[in-house]
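*Asks:* Using the hints, position chain B against chain A.
So you can see what is in the structure, the chains are spelled out below.
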Amino acid sequence: EAGVAQSPRYKIIEKRQSVAFWCNPISGHATLYWYQQILGQGPKLLIQFQNNGVVDDSQLPKDRFSAERLKGVDSTLKIQPAKLEDSAVYLCASKEADTQYFGPGTRLTVL
Amino acid sequence: GENVEQHPSTLSVQEGDSAVIKCTYSDSASNYFPWYKQELGKRPQLIIDIRSNVGEKKDQRIAVTLNKTAKHFSLHITETQPEDSAVYFCAARYSSASKIIFGSGTRLSIRP
Numbered sequence: 021e022a023g024v025a026q027s028p029r030y031k032i033i034e035k036r037q038s039v040a041f042w043c044n045p046i047s048g049h050a051t052l053y054w055y056q057q058i059l060g061q062g063p064k065l066l067i068q069f070q071n072n073g074v075v076d077d078s079q080l081p082k083d084r085f086s087a088e089r090l091k092g093v094d095s096t097l098k099i100q101p102a103k104l105e106d107s108a109v110y111l112c113a114s115k116e117a118d119t120q121y122f123g124p125g126t127r128l129t130v131l
Numbered sequence: 273g274e275n276v277e278q279h280p281s282t283l284s285v286q287e288g289d290s291a292v293i294k295c296t297y298s299d300s301a302s303n304y305f306p307w308y309k310q311e312l313g314k315r316p317q318l319i320i321d322i323r324s325n326v327g328e329k330k331d332q333r334i335a336v337t338l339n340k341t342a343k344h345f346s347l348h349i350t351e352t353q354p355e356d357s358a359v360y361f362c363a364a365r366y367s368s369a370s371k372i373i374f375g376s377g378t379r380l381s382i383r384p
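Going line by line, the protein sequences match chains A and B. Residue numbering for the first sequence is 21 to 131, as defined by the working numbering. Residue numbering for the second sequence is 273 to 384, as defined by the working numbering.
Derived by calculation from the structure, the hints in this document are not laboratory data. Built from N, CA and C at the ideal position, the CB exists for glycine as well. It cannot be assumed that every hint is accurate.
[To be verified] Taking lysine-lysine pairs in the DSS-like style, the calculated list, with each CA pair at most 27 Å apart, reads:
#1 B:Lys343 <-> B:Lys329
#2 B:Lys309 <-> A:Lys82
#3 B:Lys294 <-> A:Lys31
#4 A:Lys98 <-> B:Lys329
#5 A:Lys64 <-> B:Lys314
#6 B:Lys340 <-> A:Lys98
#7 B:Lys309 <-> A:Lys31
#8 A:Lys82 <-> B:Lys371
#9 B:Lys329 <-> B:Lys340
#10 B:Lys330 <-> A:Lys115
#11 A:Lys115 <-> B:Lys309
#12 B:Lys314 <-> A:Lys35
#13 B:Lys343 <-> A:Lys115
#14 A:Lys115 <-> B:Lys340
#15 B:Lys314 <-> A:Lys31
#16 B:Lys340 <-> A:Lys91
#17 B:Lys343 <-> A:Lys64
[As the list claims (entries may be wrong)] Listed next, with one range per pair, are the computed distances between beta-carbon atoms:
#18 A:Pro101 <-> B:Thr350: 48 to 56 Å
#19 A:Ser38 <-> B:Val326: 42 to 50 Å
#20 A:Gln61 <-> B:Arg383: 19 to 27 Å
[To be verified] A short, non-exhaustive set of chain B residues, derived as facing chain A with CB atoms under 10 Å:
#21 Lys314
#22 His344
#23 Pro354
Okay, chain A solo, but in the shape it has when bound (with noise of 0.2 Å):
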């Protein structure tokens, strides 16, 4: 079984710069998270999607972070403008009944 597929793995951007990333999650896994861990510090929720619709985004910072699953599968999210606060590794998950499966993570560097 496939699992979930992100990309890019890696990032390196300016303060001010805008950037995206996208996430697929396992087939058939209607729940899709995107989550932000800072080094040393264990993830924090973002925003969580139940098949195109939004369960949950109230730690999404909304004036500069958005995201989206149009058609209730791929999701991506986007910064705009980035803050050198925002480095961090940005982790997408799927679920199945209770496990989340998390894919390799986009490793975002904003200097």
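*Replies:* Relative to the frame of chain A, chain B by itself:
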């Protein structure tokens, strides 16, 4: 609020000894508690989980215990091996929107 506290932040044990990591949660309605292992530069991997209707669960050298009254749950690793060295995260599923909140992690080092 929705919070999971995890202790200790770092743990070093002699190979062959046991390691224990403890977490507390704040929502008494939480009903699912997974534990993840994350090796350097890799994604978190589920290693064991427990539901609120069970007090203990074992899988070979790993066990998790849950005390619902105290809102505590713990990970126990016995006969530790070098490959157990990693960062371990506890998590709790909060009833609101079924979102999963992670602890801050424990960096476990196994001394040869």
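*Asks:* Please go over all the hints and tell whether each is borne out by the structure.
*Replies:* We went through each hint and held it up to the structure:
no., hint, result
1, B:Lys343 <-> B:Lys329, "holds, 16 Å"
2, B:Lys309 <-> A:Lys82, "violated, 30 Å"
3, B:Lys294 <-> A:Lys31, "violated, 35 Å"
4, A:Lys98 <-> B:Lys329, "violated, 40 Å"
5, A:Lys64 <-> B:Lys314, "holds, 16 Å"
6, B:Lys340 <-> A:Lys98, "violated, 39 Å"
7, B:Lys309 <-> A:Lys31, "holds, 25 Å"
8, A:Lys82 <-> B:Lys371, "holds, 19 Å"
9, B:Lys329 <-> B:Lys340, "holds, 14 Å"
10, B:Lys330 <-> A:Lys115, "holds, 23 Å"
11, A:Lys115 <-> B:Lys309, "holds, 17 Å"
12, B:Lys314 <-> A:Lys35, "holds, 26 Å"
13, B:Lys343 <-> A:Lys115, "holds, 25 Å"
14, A:Lys115 <-> B:Lys340, "holds, 25 Å"
15, B:Lys314 <-> A:Lys31, "holds, 16 Å"
16, B:Lys340 <-> A:Lys91, "violated, 39 Å"
17, B:Lys343 <-> A:Lys64, "holds, 21 Å"
18, A:Pro101 <-> B:Thr350: 48 to 56 Å, "holds, 49 Å"
19, A:Ser38 <-> B:Val326: 42 to 50 Å, "holds, 46 Å"
20, A:Gln61 <-> B:Arg383: 19 to 27 Å, "holds, 25 Å"
21, Lys314, "holds, 8 Å"
22, His344, "violated, 18 Å"
23, Pro354, "violated, 22 Å"
The structure shown violates the earlier hints numbered 2, 3, 4, 6, 16, 22, 23.
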